[in-house]
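If you read the sequences in order, they're chains A and B. The opening position of the first sequence corresponds to residue 20 in our numbering, with each subsequent residue numbered one higher. The opening position of the second sequence corresponds to residue 20 in our numbering, with each subsequent residue numbered one higher.
It is worth saying that the hints were derived from the structure and are not from the lab. Careful, some of the hints might be misleading.
Any copy will do: because identical chains look the same in the list, a pair fits if it lies in one copy or spans two.
[Said to hold, decoys possible] Here are the simulated EDC-like cross-link-like pairs (lysine to aspartate or glutamate), alpha carbons at most 20 Å apart as the crow flies:
| id | residue 1 | residue 2 |
| --- | --- | --- |
| 1 | Lys435 | Glu268 |
| 2 | Lys386 | Glu168 |
| 3 | Lys87 | Glu68 |
| 4 | Lys274 | Glu377 |
| 5 | Lys226 | Asp173 |
| 6 | Lys48 | Asp36 |
| 7 | Lys191 | Asp89 |
| 8 | Lys35 | Glu108 |
| 9 | Lys281 | Glu330 |
| 10 | Lys424 | Asp89 |
| 11 | Lys214 | Asp243 |
| 12 | Lys281 | Asp396 |
| 13 | Lys214 | Glu234 |
| 14 | Lys386 | Glu124 |
| 15 | Lys48 | Asp368 |
| 16 | Lys369 | Glu168 |
All values reported here derive from a predicted model rather than from experimental measurement.
2 protein chains.
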Amino acid sequence: MITPKRPSGFNEFLPKDQMAFNAMMSVIKLVYEQHGYAPIETPALELAEVLLAKEGGESAKQSYRFTKGDTDLAMRFDLTVPLARYVAEHYHELSFPFRRYQMQEVWRGEKAQAGRYRQFYQCDIDIIGSNSLLAEADILLTSNDVIKELGLKDAIIKISHRGVLNAWLESKKLKHLNTEVLRSVDKLEKQGDKKVTEELLKIGINKNDIQQILELVKISGKADEVIKKLSLVKIDNEEFKKALNDIKELDTYLKAAGLNNKNYIFDLKIIRGLDYYTGIVFETVLTKNPELGSICGGGRYDNLVGFYHKEKLSGIGASIGLSRLFNAIKDRINNDQSTPAQVLIMPLDKSVVPYCLEVAKKINQAKLNVFVYPGLDKMSKQLNYANKIKIPLVALIGENELKKKIITIKNMKTGKQSSTSLAKAAATIRKML
Amino acid sequence: MITPKRPSGFNEFLPKDQMAFNAMMSVIKLVYEQHGYAPIETPALELAEVLLAKEGGESAKQSYRFTKGDTDLAMRFDLTVPLARYVAEHYHELSFPFRRYQMQEVWRGEKAQAGRYRQFYQCDIDIIGSNSLLAEADILLTSNDVIKELGLKDAIIKISHRGVLNAWLESKKLKHLNTEVLRSVDKLEKQGDKKVTEELLKIGINKNDIQQILELVKISGKADEVIKKLSLVKIDNEEFKKALNDIKELDTYLKAAGLNNKNYIFDLKIIRGLDYYTGIVFETVLTKNPELGSICGGGRYDNLVGFYHKEKLSGIGASIGLSRLFNAIKDRINNDQSTPAQVLIMPLDKSVVPYCLEVAKKINQAKLNVFVYPGLDKMSKQLNYANKIKIPLVALIGENELKKKIITIKNMKTGKQSSTSLAKAAATIRKML
C-alpha cells in the first residue's frame with residue numbers, strides 16, 4: 020500500500036470548499052463577460068525558450084522546467100507571458116483592441132510557506148492594442164465590479180503611475196538606476212524609510228535626492244490632491260506631463276462610471292514589482308486583511324508582445340490571485356453543503372427502487388438537483404449520510420409511498436415532514452427549500 | 020524576436036471556439052450538479068511514486084515526469100488515479116458513497132497525430148463506496164442526460180459486463196490468460212475475427228474455445244435478448260450468475276428512469292481497454308461520427324482505491340474526453356461571436372467619453388454585456404471591429420446623443436438603427452437582441 024499524499028505546496032479542497040471556490044470563479048467569470056472580455060485558455064506547457072524569453076523575472080526563475088524527448092518545456096508561471104505569445108501567434112486571426120479573460124492555474128516552485136502555493140489560480144483580464152486611458156478605466160471598472168460582486172466591501176484600489184518616478188529620475192539624469200530605485204521603493208511600506216534610504220545611498224543617490232524620492236512616492240489621496248502636490252514638484256519633461264494628464268483623465272473616466280474615492284485613491288508608493296509595467300499601475304488591498312497584500316493588481320505594459328512580434332502592441336491588464344484570496348475570505352462565504360444536490364431520495368426497500376428512479380427523474384426535470392441514495396442501507400445510515408453532506412431535504416420512499424404514489428419529504432434542519440403526490444413533488448420541494 | 024509557437028500536440032482556441040467549448044463545459048457541469056455530484060479538483064502535479072503506483076497502464080507510461088529539487092513529480096494523465104489518491108488521503112473527511120465530478124485537463128506525451136492531443140480535458144463522474152447497481156444506473160443516467168443536453172441525438176450507450184468473459188475463462192480454467200484475451204477481444208471491432216483468432220491461437224487457446232469466445236462477445240441487443248442468448252451458454256459459476264443478474268437489474272433501473280433502447284443497448288464486445296475495470300463497463304458512440312470511437316466511457320472498478328487505503332472501496336465512473344468530442348462536433352454548435360458582449364458603445368468624439376461610460380454602466384446594471392470601444396478611432400474603424408468580432412449591436416454616441424441624453428443603437432446584421440433615451444436603453448436593447 021502506498022501512502023496517499025501530495026507534493027508539498029499543492030493544495031486541494033474538500034467538496035464544501037471547492038463549491039465555495041467555484042462560486043467565486045463563477046462570479047468573476049460573469050463580471051468579466053458582462054464587460055465584454057472574451058475567454059481564452061493557453062496550454063499548461065510552453066516551449067521553455069518561448070516562455071522564458073524575457074529574462075529576469077522572479078516568477079520565471081521559479082518555473083517548472085523539464086525535458087521530454089528533445090523538447091525543453093516549462094509550465095506557465097503566469098498568464099501574461101502566455102498571452103503575449105498567444106497574441107503574437109494568432110495576430111492575424113484576432114481583432115484589436117483584443118480583450119480577453121483567462122482563469123487558469125499557474126505553477127511556481129517557490130519555497131513552500133503558509134498561504135503560499137506552488138499551484139494557484141490567476142484570473143486575468145487584459146486589453147491589447149489600445150493606447151487610450153479608456154482601457155485603463157475599463158480594467159479598473161471591471162476589477163471594481165468583481166470586488167463588489169464578491170462582496171469585498173473593505174477593498175480599495177490604489178493607483179499609481181510609473182511615469183512619475185521615471186520622469187523625476189530622467190530630470191536628475193538618474194534613469195540608468197531605474198530598476199534599483201524601483202526595487203527599493205517597492206519595499207517602502209514593509210521596511211520603512213530608514214532601510215530604503217540605506218539602499219538608495221548604497222546605489223549612489225545623494226541624501227537630498229533620496230529625500231525628494233521619498234516625498235514624491237509618499238504622495239497619495241484623491242486625484243486633485245495628488246495633482247496639486249505633484250504640480251509643486253519641479254519636473255519639466257514630457258513624461259511628467261503625460262503622467263499628470265493620465266491621472267487626471269483616468270480620474271474623470273472612473274468618476275463618470277460612478278466610482279468614488281471610497282473605491283479608489285492614488286498612491287505613488289505602488290510600484291507593482293519589477294515586471295514589465297510602463298504606465299498606470301494599481302493594487303487592491305482589503306483593509307480587513309492587510310496581511311494579504313495586493314489581491315488584484317496590474318497595469319500598463321508597452322513592450323511585452325514585442326518579444327514575439329514585430330508590431331508594437333500596448334497592453335493593460337489586471338490579475339487576481341484567486342487561491343490566496345479565497346483562503347483569506349472563505350469564512351465570509353456562506354456555504355455549509357458538501358453537495359450541490361437539494362434532495363436525497365432514500366429507497367427504504369428493494370421493491371421501491373424503480374419508483375425512486377421515477378421520482379428522481381420527475382424532480383430533475385423541474386431543474387432541481389437530486390439523486391437517489393445508491394444502495395439499500397438502513398434508514399438511519401442513509402439519514403446520517405444526508406446529515407453529513409448537509410443536504411437540505413430528503414425524500415423517504417417506502418412501500419407505503421410506492422403504493423399511494425406519493426413521497427414523504429423531510430427538512431433536515433427543522434425535522435419537519437410532509438407528504439405530497441408525485442405530480443406536486445417539485446412544487447412542494449421548492450416551497451420547502 | 021522569438022517565434023511565438025507552442026509545443027506540438029498542445030491545442031488552444033480562438034475566442035469564438037473557446038466560447039463554444041466553455042458552453043459545452045457549462046452544460047456538462049450543470050447536468051452533473053443536477054444529479055448531485057460534488058465538484059473537486061486535484062493538483063496538476065502528483066508525486067510520481069504515488070501517481071504511478073499501479074504499473075502497466077498505457078496512459079501512465081505516457082505521463083510527463085520530471086524532477087524538481089529532490090522531488091520526483093508527474094503530471095496527471097487521467098482523473099481516476101488522482102481520485103483514488105484523493106479518496107484515500109481524505110478518507111475520514113468524506114462521506115460515502117462519495118459522488119464527485121471533476122473537469123480538468125490531463126497530459127499524455129503520446130505521439131502527436133491528427134485529433135490526438137497531449138493536453139485535453141476530461142469530464143469525470145464517479146461514485147465511490149457503493150456496491151449497488153443503483154450506482155451504475157446513476158452514472159449511466161447522468162451520462163445520458165449529458166448527451167441529451169449536448170444535443171447529441173445520434174449517441175448510443177453500449178453496455179457490457181467484464182464478468183461474462185471472466186466467468187467463461189474461469190469455467191475453462193483459462194483465467195490466467197485474462198489480460199491477453201481482453202487485449203485481443205478489445206481489437207475485434209477494428210481488426211476483425213481473423214486477426215483476433217490468430218492472436219488467441221498464439222497465446223494458446225484452442226480453435227474450439229476461440230469460436231466460443233467470439234460467439235460470446237458478439238452477443239448484443241436488448242437486455243432480454245442478451246440474457247436469453249447468455250442463458251444458452253453453459254457456464255455454471257457464481258460470477259456468471261452475478262453478471263446476468265447485474266444486466267437484468269441495471270436494465271430495470273434504466274427503464275424505470277425513462278431510458279429506452281434508443282439510448283442504450285448491451286454489447287459484450289465492449290472491453291474498455293485493459294485498465295482497472297471489474298464489472299459493468301460501457302462506451303458511448305456517435306453514429307454520425309463513428310471515427311471518434313468512444314466519446315464517454317467507464318465502468319466499475321473494485322480495487323483502485325485499495326492501492327492507497329486499507330479499506331476496500333468499490334467505485335464506478337464515467338469519463339468524457341471533451342477536447343476530442345468538441346473538435347468533432349463543434350460544427351453542430353451555433354456560435355458566431357468572438358465576444359460575450361452584446362453591445363459595443365462607440366465614442367465618436369473625446370467630449371462624449373464620460374457619457375459613454377455612464378451609458379455602459381446603465382446597460383451593465385441591467386445585466387447586459389457591454390463595453391466601450393477603448394479609443395477614439397474613426398467610426399469606420401470601430402464599425403469594422405464590431406463586424407469582425409460579430410457583436411450583435413453597437414451604440415453610436417456623438418455630440419448629438421450627448422446633448423439629448425440618448426443613444427443610437429444599430430443592429431449589425433440588419434443595419435437597422437433606432438434612438439432611445441438613456442432610461443429606456445436596456446429595454447430597447449433587449450428587444451433588438
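Review point. Which hints from the list above does the structure break, by number from lowest to highest?
Key: Failing hints, ascending: 1, 5, 7, 9, 10, 11, 12, 14, 15 and 16.
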